[in-house]
Amino acid sequence: MSRLELTRIPGIKTALRSRWPQLVLRVIALAGFALAIVAGISGTPVGSRNFAIVFVWIGWWALLMLVAVPLFGRGWCSICPIPMPGEWLQQGSLLKPQGKGLGLGWRWPNKLRNIWLQNGAFVLVALFSTVILTSPLTSALVLAAFLVVAVAASLVFERRAFCRYLCPVGGFIGLYSQVAPLELRVKDSSVCAAHTEKTCYQGSAEGYGCPWQVFPPGLVKNTYCGTCMECLRTCPHDNLTINLRPFGADLEKPSGRKLDEAFKAFIMLGSAMIYSAVMLGPWGFLKNAAYNIGSLQWLVYAAAFLTFIFLALPGLFYAAVALGQALSSNNAQVVRVRQRRPFSTHRQAFIAFAYSLVPLGLAAWIAFSLSFVLANLSYLWPVISDPLGWGWDLLRTAQAPWTPYLSGVTPILQAGVLLVGLLWAARTALRTPAAPGARPVEPRQQVIQALPVILFCSAVSFGLLGLLVA
Amino acid sequence: MLKRLRSRLANGGWKWGIFSILMLLILISPVPAFSAPPADRHIKINASSFEYDPGVIRVNPGDRVTLELSSTDVTHGIAIDGYNLQVTAEPGQNQSLTFVADQQGTYRLRCSVTCGALHPFMIGKLHVGPNTLLLKSILIATLGLAVMIWTGTRQ
Amino acid sequence: MKAEAIARWLLILLLPVLLLAALLLRSQGSSQAVELRARMPEQGGWTPTDMIMSAGQPLLLRLTSDDVLHGFAIGQSDEPAVDVFPGKMTELTLLFDQPGKYTYYCTRWCGANHWRMRGTIEVLPNPGQPDPTQVDVPNEESLFMRLGVELDGHPHTDLVPEQGRPDAHRAAALGIAPPESYLVPEYYRTHSPVEVFTALRREPFSASLSDQQVWDFVAWIWQQGTSSEKLAEGQELYTRNCAACHGTSGAGDGVMAAQVAAEYANSGHQSGPTNFTNPQRSLATSPAIQQGKIIRGGMGTGMPYWGPIFTEEQIWSLVDYLWTFQFDY
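Chains as they are written, first to last, in our numbering: chain L, 1 to 470; chain D, 1 to 155; chain E, 1 to 329.
No lab work stands behind these hints: they were computed from the structure.
Quantities reported herein were computed from a predicted structural model and do not represent experimental measurements.
There may be inaccurate statements among the hints.
[What the hints assert, rightly or not] Computed list of lysine-lysine pairs in BS3-like fashion (alpha-carbon distance at most 27 Å, straight line):
| id | chain 1 | residue 1 | chain 2 | residue 2 |
| --- | --- | --- | --- | --- |
| 1 | L | LYS13 | E | LYS101 |
| 2 | L | LYS187 | L | LYS253 |
| 3 | D | LYS44 | D | LYS125 |
| 4 | D | LYS125 | D | LYS136 |
| 5 | L | LYS96 | L | LYS13 |
| 6 | E | LYS101 | L | LYS96 |
| 7 | E | LYS2 | L | LYS100 |
| 8 | L | LYS198 | L | LYS253 |
| 9 | L | LYS198 | L | LYS111 |
With these hints in hand, go ahead and build the complete structure from the sequences.
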């Protein structure tokens with residue numbers, strides 16, 4: 001197991017355990033968030049000159065998609081400002097536990113303990129994204145709505161219910177964090193077995209029980225760990241650590257595979273493809289259709305969008321998976337057809353193979369983001385001097401002109417990213433293990449069952465290449 | 001370290017070595033010389049909110065291209081990726097941009113004057129010769145997939 | 001306890017103080033200024049549209065656009081136009097010596113209704129200054145008003161040059177000249193070219209000339225009434241204000257032409273901007289009619305009225321330029 005315990009490096013453990021660096025970053029993020037809302041509501045309606053649009057959809061998005069998620073997994077969640085006001089109210093303090101806070105502390109309903117709500121929230125934002133991304137007022141209202149919902153969730157439910165079950169951003173950050181080279185895990189599970197209090201989950205005087213409702217000894221994948229570091233603070237045996245690990249280590253773990261996560265992969269992949277066509281393509285009628293919400297064109301666009309991500313893409317993928325299963329069935333062995341296939345049901349196979357779409361989707365989003373981020377990054381400079389478009393010039397950068405960066409190199413970067421994503425997706429497909437406890441699969445079967453899936457991934461990649469680079 | 005490397009090579013890592021060499025060759029291989037002689041091209045582009053018409057322009061490498069920008073509703077601009085050239089035009093006052101298309105490839109045209117809400121997404125395309133990046137990418141991808149499948153599931 | 005207190009102070013410091021500072025900075029910057037917001041006419045145009053100020057007192061304007069590139073200029077003023085950029089602030093100080101009502105207008109095309117994007121600035125007299133409404137200023141009537149010409153007719157003639165555009169240089173090369181009376185601006189401006197042609201045709205000096213040569217003299221007469229500076233000014237005015245509808249070649253095929261034609265299709269008037277390259281119509285039009293049309297506008301045809309925007313001199317330069325679509329100078 002090639003893992004490097006980063007907490008062994010002197011200084012890292014202290015920095016992570018201390019609440020101050022995290023608090024400072026959180027407060028800065030919250031200040032930026034508040035400024036974005038204020039700027040969106042009272043600043044200029046011109047998106048490219050408003051802090052709300054430029055810093056959220058170019059600055060923060062670039063940071064998230066290009067750095068935070070691929071390298072730090074759910075690192076952003078550790079300092080995200082959206083849940084903070086609610087959490088501070090719920091906990092009654094900014095640092096260590098001080099006593100009782102506010103809130104009803106209800107348990108989140110069992111039926112909703114999945115990411116379907118987050119899937120829905122993301123699709124909702126995605127359908128209106130053309131307006132949200134270009135209208136400062138709309139952006140500000142959406143952000144304010146997130147804040148209100150997050151605070152309400154903290155005051156009604158226990159722990160970080162908004163982050164775990166409602167946040168549309170968290171849905172895909174969680175899924176893609178399986179790719180990241182960092183993970184938070186227990187060092188020695190036998191120590192946990194002997195520890196009865198389980199302060200990592202229950203909380204102690206040093207800190208709160210996991211706000212993400214994750215049981216640290218049971219942490220196998222990154223998906224739901226928000227790297228808030230509470231468990232590092234509460235564990236009396238110093239049994240938790242941050243490991244440096246190979247990229248994508250979580251993708252090959254067969255446990256915890258669910259349909260809601262599989263569909264999240266399709267939602268992300270499908271929306272990256274649609275955005276590449278609508279926003280970065282030369283077709284004005286598509287852009288106008290996506291923008292004129294309520295019009296007939298928009299209804300057609302919305303219907304096509306939903307059909308593509310919920311029916312067409314998963315449907316094609318299901319066909320590919322079924323074909324793979326059929327082709328790889330081992331005739332030499334048992335009588336019943338089902339038992340000859342590597343996966344006993346197509347549904348199982350569908351869910352398992354959907355994780356190949358995680359590196360593919362992340363690559364698609366990085367490639368898509370590179371284009372508009374590099375082209376428009378220069379909007380950041382005037383906006384930090386004049387965030388509301390009121391004619392200020394705080395840092396003397398208000399007159400900086402729009403300059404696309406690396407415009408000649410961007411297609412090469414995009415192609416490279418998509419290539420890596422495709423090869424990695426293929427690798428994940430080839431290594432998709434059967435369910436735990438199932439009959440071991442012959443290497444040849446393993447390869448054949450993955451071939452139609454690889455074909456699907458190639459078609460998607462080449463399609464994205466066509467949209468972004470061709 | 002050395003033992004691991006040796007075992008990797010023995011297991012099939014050599015296949016990846018071949019792939020790497022082939023990939024490098026593909027990457028650095030020069031584009032086949034284009035046969036068509038360079039010509040003078042005059043292309044009128046109508047700009048409206050938020051598209052260019054024609055939205056896709058094809059020229060040959062070496063062509064002397066004059067883009068005449070005609071805005072039809074508000075002031076628009078064209079900025080050419082890769083070439084870093086710009087031109088702006090107000091309705092009724094067409095402006096032209098002349099350049100030699102010496103860089104082969106596909107380049108996005110972006111509007112350079114804020115012309116409304118969807119201004120950052122007002123995009124056109126300029127094809128100079130065949131898109132070798134696309135061809136090479138597909139080639140390398142296919143090769144890589146082939147090697148990956150050939151290597152199978154072994155480490 | 002202490003750490004928690006520090007943390008809370010940190011929160012209090014960074015958040016509300018920032019927002020407060022923002023609001024304070026705003027009110028400070030604009031204490032004396034009037035913020036003038038520009039939007040496309042369909043979205044409201046200028047806000048506020050009408051302003052009031054006093055003569056001799058400067059007014060600081062802070063101009064910004066909420067959507068596309070606009071421009072600001074005062075009608076019949078020498079002050080250069082100022083661009084109004086989306087999301088940026090441009091400051092401009094206005095100072096009027098004379099009281100009166102001034103029109104300001106947008107100077108960058110912002111859609112088919114661009115010309116409608118205007119507003120007024122009422123400049124009140126200072127105490128001690130004569131009230132403009134009580135001062136007897138001789139109201140100089142424009143030529144077309146003095147003549148009472150019919151602006152909304154459909155001028156047409158079938159008598160047009162048969163062998164191409166009339167060329168003033170060809171006429172000059174002949175070495176003869178028509179009678180002086182034809183060169184008086186009051187004369188040719190009040191007559192259409194075909195009327196002048198018919199009159200010249202009857203003159204003794206043209207007895208041995210062909211029809212085309214007489215047409216050349218018509219062009220020559222028109223040329224004598226203008227200069228290259230006026231033509232250059234006219235061309236600039238035309239390019240900036242007229243070409244979008246009437247076309248750079250004057251053929252009524254500008255980028256806005258189709259939209260204008262569609263908008264006024266049911267008005268009963270001609271469809272689309274006038275084609276100045278059509279000799280059957282243009283040669284039957286007198287410069288006075290053109291001046292009138294420009295000043296008064298098209299009365300429900302989509303042709304803007306430029307009276308408050310251009311000076312009489314500018315309009316004559318523009319009219320002079322329009323004739324270059326028919327004549328070669």
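We went through each hint and held it up to the structure:
| no. | hint | in the structure |
| --- | --- | --- |
| 1 | L:LYS13 with E:LYS101 | violated (74 Å) |
| 2 | L:LYS187 with L:LYS253 | holds (18 Å) |
| 3 | D:LYS44 with D:LYS125 | holds (14 Å) |
| 4 | D:LYS125 with D:LYS136 | holds (19 Å) |
| 5 | L:LYS96 with L:LYS13 | holds (17 Å) |
| 6 | E:LYS101 with L:LYS96 | violated (68 Å) |
| 7 | E:LYS2 with L:LYS100 | holds (18 Å) |
| 8 | L:LYS198 with L:LYS253 | holds (25 Å) |
| 9 | L:LYS198 with L:LYS111 | holds (26 Å) |
Going through the hint list in order, the structure does not satisfy hints 1 and 6.
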